[in-house]
Amino acid sequence: MHFPNILLLSLIAFSAVLIGVLVARPALTMTRGGKILAFMVLFLLPLLCMAMGFTSEFQRATSTSFCLSCHTMESHGRSLYVDDPTYLAAAHFQNHRVPADEACYTCHTNYAMFGGFKAKLNGLHHVYMQYLGKPHNPIRLYEPYNNRECLHCHQGARSFEEGAVHTADPDLLPAVKANKLSCLSSGCHDVVHNADQLSKVKFWKGAN
Amino acid sequence: MAKTLRLEKRLRLAGILVILGLLVEGVCLLRAGPLAFIFLVTVGGFLCAAGVVVYLYSLVSAGEATPGP
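Chains A and B supply the protein sequences, listed in that same order. Counting with my numbering, you get residues 1 to 208 for the letters of the first sequence. Counting with my numbering, you get residues 1001 to 1069 for the letters of the second sequence.
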């Protein structure tokens, strides 16, 4: 367990004990000190604990293990270990082009305004589908993958701007940057997860 | 006397709601996964918010009961 969570659990325990004292002896609030204590433990501390708890959970919800804890995502999780550099997601994950512990979130969040918020809302929808709905089989994106998410990291990088294939046609990069030519579905980087073909591939055992 | 008792009752209720909310939060923090996340945001958040609202209401109602200068 991480230190901030230990700290938060200690704060929760401390708050609960103080509230317990007030519940057992509400007459304490008749004094000035008791009123201040009540304000602290029945208003400030619960708000602080909830704010810290929400922040911690939202942060944890961006982790790769959190995304892959749903059964539906199992094959996508396995696809990150495909031993084939043409598999885009696997190549990014294995070579740490994206943070390995936030791999899903890094590529599937929206880098426009309110992108993080939208990702959280979509996440709630995923949870709903997991427990109360019926997930699509195979699962699909809500909307076509926007090049903006790729360009968030790659734009300006030498390998991207000066790559032989990217510069062979002078119209290619402007079209990619304007999202008129998809990085993924235009036939260039079209092997991404391919989760339905994992029975035919070799897997990387992972770094130890 | 009756007013004091009512205030104490509301403070007790607020305290119990907040304690329950914090317990839910604590348990959810110990467990990882989507269900813990949902429980924390909905049940934990609701119980704590309800406790705080009851506490604030008890303050307001106690203030109303006190005659002004």
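The reader is advised that the hints may include incorrect statements.
Unchecked claim - Not the full set, but computed from the structure, chain B residues with beta-carbon under 7 angstroms of chain A: (1) E1008; (2) I1019; (3) L1020; (4) L1022; (5) P1034; (6) I1038; (7) F1039; (8) L1040; (9) F1046; (10) C1048; (11) A1050; (12) A1062.
For the record, the hints were derived by calculation from the structure and aren't laboratory data. Quick caveat, the model's predicted, so the values are computed rather than measured. Even glycine gets a Cβ: it sits at the ideal position worked out from N, Cα and C.
Going through the hints against the structure:
With 7 angstroms as the threshold, the beta carbon of E1008 of chain B comes within range of chain A, its nearest partner Cβ sitting at about 4 angstroms, so the hint holds. The restraint placing I1019 of chain B at the interface with chain A holds, with a minimum CB-CB distance near 5 angstroms, inside the 7 angstroms limit. A cut of 7 angstroms between beta carbons decides the hint on L1020 of chain B: the least distance to chain A is about 10 angstroms, and the hint is violated. Of the supplied interface hints, the one on L1022 of chain B holds, with its beta-carbon coming within about 5 angstroms of a beta-carbon of chain A, less than 7 angstroms.
Taking 7 angstroms as the C-beta cut-off, the interface hint given for P1034 of chain B holds, the closest approach to chain A being about 5 angstroms. The beta carbon of I1038 of chain B is positioned within 7 angstroms of a beta carbon in chain A (closest approach about 6 angstroms), and the interface hint is therefore held. Because the closest C-beta pair between F1039 of chain B and chain A is about 10 angstroms apart, greater than 7 angstroms, the hint is violated. Annotation: interface hint on L1040 of chain B holds; nearest CB of chain A at approximately 5 angstroms, less than 7 angstroms.
Here the hint on F1046 of chain B is broken, as its CB sits about 10 angstroms from the closest CB of chain A, past 7 angstroms. Of the supplied interface hints, the one on C1048 of chain B holds, with its beta-carbon coming within about 5 angstroms of a beta-carbon of chain A, less than 7 angstroms. Among the interface hints, the one on A1050 of chain B is violated; its C-beta lies about 10 angstroms from the nearest C-beta in chain A, farther than the 7 angstroms criterion. Of the supplied interface hints, the one on A1062 of chain B is violated, with its beta-carbon coming no nearer than about 9 angstroms to a beta-carbon of chain A, more than 7 angstroms.
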